[in-house]
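Please take these sequences and the hints and turn them into a complete structure.
There are 2 protein chains.
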Amino acid sequence: MNTVEKWGLFEVSAKGKTDGNPFTDYTIHGVFRGKNETVEADGFYDGDGIYRVRFMPSFTGAYTYEITGTFSGETLTGEFTVTPPTEGNHGPVRVANTYHFAYEDGTPYYSVGTTCYVWTHQPEAVRRQTLEELSKGYFNKIRFCIFPKHYIHNFRDPETFPYEGTPVDNSNLSEETFTYHVDFTGNDWDFTRFNPEHFRRIETCIAELRGLGIEADLIIMHPYDRWGFSQMSREADDLYWQYVVARFSAFRNVWWSLANEYDLLRAKTLEDWERYAAILCEKDPYRHLRSIHNCIAFYDYTRPWITHCSMQRQDLYRHVEYTDDFRTRYGKPVVWDEIAYEGNIDMGWGNISGQELVRRFWEASMRGGYAGHGETFVNPEDILWWSHGGKLHGESPERIRFLHTILCQTPGLGLKRGEGSFDETVAVPESPMMQGYEIHYYGFGRPSFRDFQKTPGEHWHAEVIDTWNMTVTDAGVYSGRFRIALPGREYMAIRLTRLPEST
Amino acid sequence: MNTVEKWGLFEVSAKGKTDGNPFTDYTIHGVFRGKNETVEADGFYDGDGIYRVRFMPSFTGAYTYEITGTFSGETLTGEFTVTPPTEGNHGPVRVANTYHFAYEDGTPYYSVGTTCYVWTHQPEAVRRQTLEELSKGYFNKIRFCIFPKHYIHNFRDPETFPYEGTPVDNSNLSEETFTYHVDFTGNDWDFTRFNPEHFRRIETCIAELRGLGIEADLIIMHPYDRWGFSQMSREADDLYWQYVVARFSAFRNVWWSLANEYDLLRAKTLEDWERYAAILCEKDPYRHLRSIHNCIAFYDYTRPWITHCSMQRQDLYRHVEYTDDFRTRYGKPVVWDEIAYEGNIDMGWGNISGQELVRRFWEASMRGGYAGHGETFVNPEDILWWSHGGKLHGESPERIRFLHTILCQTPGLGLKRGEGSFDETVAVPESPMMQGYEIHYYGFGRPSFRDFQKTPGEHWHAEVIDTWNMTVTDAGVYSGRFRIALPGREYMAIRLTRLPEST
Numbered sequence: 001m002n003t004v005e006k007w008g009l010f011e012v013s014a015k016g017k018t019d020g021n022p023f024t025d026y027t028i029h030g031v032f033r034g035k036n037e038t039v040e041a042d043g044f045y046d047g048d049g050i051y052r053v054r055f056m057p058s059f060t061g062a063y064t065y066e067i068t069g070t071f072s073g074e075t076l077t078g079e080f081t082v083t084p085p086t087e088g089n090h091g092p093v094r095v096a097n098t099y100h101f102a103y104e105d106g107t108p109y110y111s112v113g114t115t116c117y118v119w120t121h122q123p124e125a126v127r128r129q130t131l132e133e134l135s136k137g138y139f140n141k142i143r144f145c146i147f148p149k150h151y152i153h154n155f156r157d158p159e160t161f162p163y164e165g166t167p168v169d170n171s172n173l174s175e176e177t178f179t180y181h182v183d184f185t186g187n188d189w190d191f192t193r194f195n196p197e198h199f200r201r202i203e204t205c206i207a208e209l210r211g212l213g214i215e216a217d218l219i220i221m222h223p224y225d226r227w228g229f230s231q232m233s234r235e236a237d238d239l240y241w242q243y244v245v246a247r248f249s250a251f252r253n254v255w256w257s258l259a260n261e262y263d264l265l266r267a268k269t270l271e272d273w274e275r276y277a278a279i280l281c282e283k284d285p286y287r288h289l290r291s292i293h294n295c296i297a298f299y300d301y302t303r304p305w306i307t308h309c310s311m312q313r314q315d316l317y318r319h320v321e322y323t324d325d326f327r328t329r330y331g332k333p334v335v336w337d338e339i340a341y342e343g344n345i346d347m348g349w350g351n352i353s354g355q356e357l358v359r360r361f362w363e364a365s366m367r368g369g370y371a372g373h374g375e376t377f378v379n380p381e382d383i384l385w386w387s388h389g390g391k392l393h394g395e396s397p398e399r400i401r402f403l404h405t406i407l408c409q410t411p412g413l414g415l416k417r418g419e420g421s422f423d424e425t426v427a428v429p430e431s432p433m434m435q436g437y438e439i440h441y442y443g444f445g446r447p448s449f450r451d452f453q454k455t456p457g458e459h460w461h462a463e464v465i466d467t468w469n470m471t472v473t474d475a476g477v478y479s480g481r482f483r484i485a486l487p488g489r490e491y492m493a494i495r496l497t498r499l500p501e502s503t
Numbered sequence: 001m002n003t004v005e006k007w008g009l010f011e012v013s014a015k016g017k018t019d020g021n022p023f024t025d026y027t028i029h030g031v032f033r034g035k036n037e038t039v040e041a042d043g044f045y046d047g048d049g050i051y052r053v054r055f056m057p058s059f060t061g062a063y064t065y066e067i068t069g070t071f072s073g074e075t076l077t078g079e080f081t082v083t084p085p086t087e088g089n090h091g092p093v094r095v096a097n098t099y100h101f102a103y104e105d106g107t108p109y110y111s112v113g114t115t116c117y118v119w120t121h122q123p124e125a126v127r128r129q130t131l132e133e134l135s136k137g138y139f140n141k142i143r144f145c146i147f148p149k150h151y152i153h154n155f156r157d158p159e160t161f162p163y164e165g166t167p168v169d170n171s172n173l174s175e176e177t178f179t180y181h182v183d184f185t186g187n188d189w190d191f192t193r194f195n196p197e198h199f200r201r202i203e204t205c206i207a208e209l210r211g212l213g214i215e216a217d218l219i220i221m222h223p224y225d226r227w228g229f230s231q232m233s234r235e236a237d238d239l240y241w242q243y244v245v246a247r248f249s250a251f252r253n254v255w256w257s258l259a260n261e262y263d264l265l266r267a268k269t270l271e272d273w274e275r276y277a278a279i280l281c282e283k284d285p286y287r288h289l290r291s292i293h294n295c296i297a298f299y300d301y302t303r304p305w306i307t308h309c310s311m312q313r314q315d316l317y318r319h320v321e322y323t324d325d326f327r328t329r330y331g332k333p334v335v336w337d338e339i340a341y342e343g344n345i346d347m348g349w350g351n352i353s354g355q356e357l358v359r360r361f362w363e364a365s366m367r368g369g370y371a372g373h374g375e376t377f378v379n380p381e382d383i384l385w386w387s388h389g390g391k392l393h394g395e396s397p398e399r400i401r402f403l404h405t406i407l408c409q410t411p412g413l414g415l416k417r418g419e420g421s422f423d424e425t426v427a428v429p430e431s432p433m434m435q436g437y438e439i440h441y442y443g444f445g446r447p448s449f450r451d452f453q454k455t456p457g458e459h460w461h462a463e464v465i466d467t468w469n470m471t472v473t474d475a476g477v478y479s480g481r482f483r484i485a486l487p488g489r490e491y492m493a494i495r496l497t498r499l500p501e502s503t
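Residue numbers (my numbering), protein chains in the order written: chain A, 1 to 503; chain B, 1 to 503.
No lab work stands behind these hints: they were computed from the structure.
Keep in mind that a hint or two might mislead.
DEER-style ranges, computed between Cβ atoms [as the list claims (entries may be wrong)]:
#1 Pro456(A) <-> Thr471(B): 53 to 61 Å
#2 Arg489(A) <-> Asp183(B): 38 to 46 Å
#3 Arg489(A) <-> Lys136(B): 25 to 33 Å
#4 Glu271(B) <-> Arg303(A): 48 to 56 Å
#5 Gly480(A) <-> Lys136(B): 41 to 49 Å
#6 Arg489(A) <-> Glu501(B): 51 to 59 Å
#7 Thr497(B) <-> Lys454(A): 58 to 66 Å
#8 Pro456(A) <-> Asp169(B): 27 to 35 Å
#9 Val472(A) <-> Thr471(B): 38 to 46 Å
#10 Thr98(B) <-> Phe178(A): 38 to 46 Å
#11 Pro456(A) <-> Asp157(B): 30 to 38 Å
#12 Pro456(A) <-> Asp48(B): 53 to 61 Å
Beta carbons are placed, not taken as given, at the ideal position from N, Cα and C, and that holds for glycine.
Right, dumping it as structure tokens:
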């Protein structure tokens, strides 16, 4: 008897027709039935005469399946059993209380993301190194692209291409002559024939991330292109979207990012983005999280298909400090997926300090939002984490992991900005049922002490959090008016927890 | 024969009537005539039967004076000679080209200010220490108050009070019980009788600053008050303004700041501020610079009597970065007199790092504005530079002096923001006649290099400026496209100067 764990991936594969173009000429469709759900899903052609349909069960117990389509003259049927989830499998991430995320089993999910745009397209050794870094638990989400990337530091061809055909010659490319605007001549692609190996590589990576408990925030389209993948026809786009959804939906750790810097994809209109979103909403049976990421102008995050904001900062100096405003404006989780990267490249978006990046993480988190990491250090191999993955060189990752441990201690689910003075960011639990917990964060301020005034009779436990040196120090229990000493350094916080009334 | 240097202070004093209240019952007025100017000025009563009239000549040569008024039955007349200015005397500071300042002799004045609100009211030893620090040339402007100050760290009585009478008892005051809102009971003042000693102290300080080449940015009113000086009657206010103008106008280094945080003076209306401004405009024959400083809302800096903006930041995160916007909006010099202080007190306005304060100075200056320093370090004596003066403890003053040396190298008069990419602040000369000079400032960015593209045939001299370590390093001469290496640290700048065409 076949078994699969709840929120695992169940796959049915079958030989099918190979004449004509199997990617476009034939269909395959599955229906999966259990006591509590019936799920329909499109399958896909995986090359070599093999068709596949995938399914992610959301309940335990006995299931049946029925596979139909023009790919074959027969209907395939079968049974399988869904077992309870194994340790570390909490299901897909959902929006749980307007502003925050939880896994489907109810476990809070506090997003601490990173970005390695084309790590899956790199040589095996680099991919292994990336996974080794990711295994250290710094991040629980990673953004990356399906298509290869053409950009500064990104002129090497990817290991595989998504279509059959031949790419434009890249031997004359250089940082000096790089330009966004290329005419795509010299490419020869068949946009009706996918290269299954390309997608299998990505699937392998998604599965490895799943094993590490990391969400795969898939960037389906992007503008960094010399091959024409950003300017395909409407028909080719739709074929691509359907193929992507059919292949990746059944991975529980998938998030859909319609695009990186959608506003730089000049060939696409708002109508296009809405059409892609409609495909997603129709074809993804699991309602994975959906968003779209800006360069300059935010997409309209009030659109009903958008589950959360996926933002890039719009100003060099004030950005994550708007987190609470954007929560109010959009009524959705606010995820800052691009707030400049730790590093030392020439570009301002890639050369802030680890201190400043960690400050931005804290500031976003204390205001009830989330932030994303990236790293761009100059190095002789020209392997930069932000694009290629590889080895981490910065100081921020372990501090981000520390922040995550603090976030996981939040009573209830999620923080929001509470009342405080002008010169601090005060975080309190999102739930009004969870009062008596406050983190006072001072950012680049360097107070030597802070005074507090609490209702007489209440007892508050004070802790000093050094967000940079990653320490939590007991500072005693207080009532009424009290003063907490601080070291007069940047990046400190004070956590106050009200003690239960003694009986 | 009496002599005084051009822009020096010429004073005529005379015995006069002492019956009644000489501060209100009698007048004294002077007319000073030279070949190029006739100046009329009110005098003032200085106690002990002495009346004085002061004059600042703006031309050299032979002058006469004529002193009249009800203070005496006689008219006093006399002659004096105005000699050329001695070294370091460049005259009063003026607005010279809409956005920038110059001394009256044409020497550019690049403002690098500081604030010691009540340094003149401190014991002699502290005053001496303040002047010793100021003699090191860190700053060329200092803001301070005529009235004493009631605020945290400021509960000690001043050495003198501005009026005859007795102050409220201060023995029960503490940081814990401090509040803005006091009812002024317990004070007993005669607001028609000044205490000349109080004003003489301030004059001595203004004169000492003049000797050091430092502008005295006098704060005439402020809200930090337990004595009632911020809530006097209209008549008392007007008497005070006239007395202040009569005593201080003839010092060439005086600037008028109508108030610090005018919007916290709840007893005063906009009409009041406009009336004080009218008194200034009428009574100050020398048209010293005039502004007014906010807590939250800016005053309307478009008012014609305002010579320059004197701003406090309105946001914790983005402030001096609006300098170029405010230049455009107000068409006047933009001076950021309060952008948080280097220090480690509990309050966010007084605990930023020296690095961050110096960054704000550079950012303001590269955008064609000016910034002001302050320092608030906790210390056992509770002597904080921001209020008391005393000793400097921070790292910013010498960096501010270094910035000043760079500003003084500007071709023409003043910088403005030039065109540049999103991730840099590029300063170019204000004058369109002075092209070929650029400072590219990277703030908290840490580029390891930057690329430039100049018109072929032009030769540009490149220098790397480390704004924190205070070095200027020759980086060579370049044409066309070139790359300048940087150390990948924060607070760096690249200066490019176009070389004259060789013949």
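Evaluation of the provided hints:
Pro456(A) and Thr471(B) have their C-beta atoms about 56 Å apart, which keeps the hinted 53 to 61 Å range intact. Checked against the given bound of 38 to 46 Å, the beta carbons of Arg489(A) and Asp183(B), roughly 40 Å apart, stay inside it. As the Cβ distance of Arg489(A) to Lys136(B) is approximately 27 Å, the hint placing it in 25 to 33 Å holds. Under the hint 48 to 56 Å, the C-beta atoms of Glu271(B) and Arg303(A), about 50 Å apart, fit the expected range.
Between Gly480(A) and Lys136(B) the beta carbons are some 45 Å apart, a value that agrees with the proposed interval 41 to 49 Å. Restraint check, Arg489(A) to Glu501(B): a C-beta distance of roughly 52 Å satisfies the suggested window 51 to 59 Å. For the pair Thr497(B) and Lys454(A), the supplied restraint of 58 to 66 Å holds, since their beta-carbon distance comes to about 60 Å. Restraint check, Pro456(A) to Asp169(B): a C-beta distance of roughly 29 Å satisfies the suggested window 27 to 35 Å.
The hinted range of 38 to 46 Å is satisfied by Val472(A) and Thr471(B), whose Cβ atoms lie roughly 40 Å apart. Taking the beta carbon of each, Thr98(B) and Phe178(A) are about 40 Å apart, inside 38 to 46 Å as hinted. Checked against the hint of 30 to 38 Å, the pair Pro456(A) and Asp157(B) passes, with Cβ atoms roughly 33 Å apart. The hint said 53 to 61 Å for the Cβ distance between Pro456(A) and Asp48(B), and at roughly 57 Å that hint holds.
In this structure, none of the earlier numbered hints is contradicted; all agree with it.
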